[in-house]
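Novice: Okay, here's what each chain looks like letter by letter:
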Amino acid sequence: MVAIRIQAHKMRPRWQNSISPPMPVRTLVPAVLLAAVIMASGCRHARVAVVIPAADTAPQTRKIRSAAVDHTVDSIIANPTPYLNRDVTVSGIVRNVETEKHAKGLTVLTMEVKDVSSLNVEIDADENRPQLLFADHLRSTADHLRTAVTDYQMVPVDVEAFEQLSYSLRIAGSKVSALSHYFRAQDMMNTGDAVEQVAKGYFEFGEAFATIAEIGKETPATIELEKSVIEDDVVTTVEETKAFQDNMISAASELLRIAELLIDQRRQLSSAEVLFEYRSITRNIGYTLRSVGDILEADAWAFRKTRNRDAEKDYREISRAFRLLGEGITNINGGFRDLGEKLAARYEPGVMRDDSFPTLKCAYIGYNKDILRDCAAKVDQLGGKDPIIIHGRLHKGNLREQVDLLWLNMHSVTLDGLTINLAYDDETSTRKNLQSFYGWAKDIED
Amino acid sequence: MKVSHPIAGCEALPRARRGRSALQFMLVAGFAGVVAFSGCRSTRNLTVRGEFTPVTIEDLNNRRAKYAGRKVVVDAYILGMEYGENSDDAHVWLLALGDEPQLDERLADQLVFPRIGKKIRAAEDGYNREILTRCYDACGEVRRKGERIKAYGVFAAVDPYQQYYSGVDLQLSQINIDGRIINTDFNDHGKLKEKTPGMLKKTYGGAKKLLGVVGKAL
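Sequence order for the protein chains is R and H. Add 104 to a position in the first sequence, counting from 1, and you land on the number used in the working numbering. Add 241 to a position in the second sequence, counting from 1, and you land on the number used in the working numbering.
Calculated from the structure, these hints are not laboratory results. No false leads were slipped in.
In silico lysine-lysine, DSSO-like type, Cα no more than 27 Å apart, as pairs:
1. K482(R) with K359(H)
2. K359(H) with K489(R)
3. K482(R) with K391(H)
4. K465(R) with K489(R)
5. K482(R) with K386(H)
Examples of chain R residues lying across from chain H (beta carbon under 7 Å, computed):
6. D520
7. G521
8. L522
Glycine residues also receive a C-beta, built at the ideal position from the N, C-alpha and C atoms.
When you get a sec, could you build the whole thing from the sequences and use the hints?
Specialist: And the structure:
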């Protein structure tokens, strides 16, 4: 055996002897090369969809980047035959996008796309819906309150008017509270909570007005005091004026109108037949009023320090009234903002849609669920109000449980100039792990 | 007494030749590795020579070809940002930059702003998560305040970038926040350092040194 080996060695050319490695090494080199070829072929492959013929899954990268929109949803649906099993680039409005688990490790991204021409019709439908002007009324209320605070002077007020308004505000609060249960009864719990917050604000406002009326009864008409009010980091000297009373009454009247409108429009609100703009509603005025309340509290302590018990009592009461006003308007504004958000979340973007436009189903099935979910989230961010461009291959056949369906097998999606490759990272976990390992090994070689 | 080599034939080779064989094998294996993994992705730090050219977002939108592949610095507001990890566990930070401030908190986590015409998207990735998260947090604050940043990077250099065939325009290298210029590539390192367990790193380092010594001796 040994003799044969030596003989074989002697028969080799001289140069070959010099580089001839030991036996295990000789077998290892081709093995490494073979593994390299296998791995190289395995890296960055396109996906293989479970429902698509293998021939349809070729990488499309270069073509996509220069692809222009060449078809409309309507034209494809009207006459799909010329486009079947061919790559198409289509622009449309997404009406529904979702991802769900398809099978072991696979996720399916589906979109329902309508023709771009549907956009005008549907947005018009949105724009034609009556708009409730809660935000305008609340802004007006805030303006009145801000003016009242700026001109605040502890002067006598129309006690009767303030008392009546305090009752009206509490009545409104009770009615709005009833409205919160109306929404809850319709399984709109979050909406009900938002309305309950508004009701709480009305009660606090009512109590504040009652407190001001009580102080008015006891305050002599001759008291004149100058106070400083911190608002927006500016210290303003307050001058005597009756604007306080007028603005407070105007603010309360606005709030009563808002409550009336809210109660009147309850059915339309619950069915999204009306809209209201809520994004501009802020809680800022609440903080301004609370700031005033705290300054008046400081004044109360200052009077206590000088043993002026009567003035201290008045200031402590009015301080409480301003704090109540602040908390009340914060709750009202915050409640309306939440109400707007909850109603919008409940009905956008699927309300008042025009069903006369046909829908093209688009789908992608892959192992890369993170990429697919990210794509779905980005499409969702458009809110169905801006067109997207879909690149894919048109099929007529089965898509999951749906049989004989015309659908577009997407391979990329362009939205707002961002083209997402749906096949990116679409590999099984085994392949990913192998690649990860080999990638690590590559770095060692580097 | 002659001690025979366990593998027949090898005892006939001089020591120097045996050393060369091992070296050649390593070269072959290394070449195979390079061939095998040339298709695998990894994070990249672009190196383009030259100074940063000050540009506006409008310039970049309108004269894309002119600035492609060049180092630019752009003064911009942050519209929105995304932050996450890719499949290589590298951290990825994407920003949408525009000419107007974007103060709506609900849009802060997105990159698509179809109603804003003039904008670009910038990206940075790497394993230097401390730097990237710090930049991300600071930029979030800047956006909330409606202040500007200066983004330094190479324009239209990376195409495609991760899963995006197009739409990610600027590969960041530095960012100026509140007058502080931060190198976003600082302390970034390769995948090897990130993935290799400590013990293996030491073993590899030791083996490398040993091979070096052996190579010199041969």
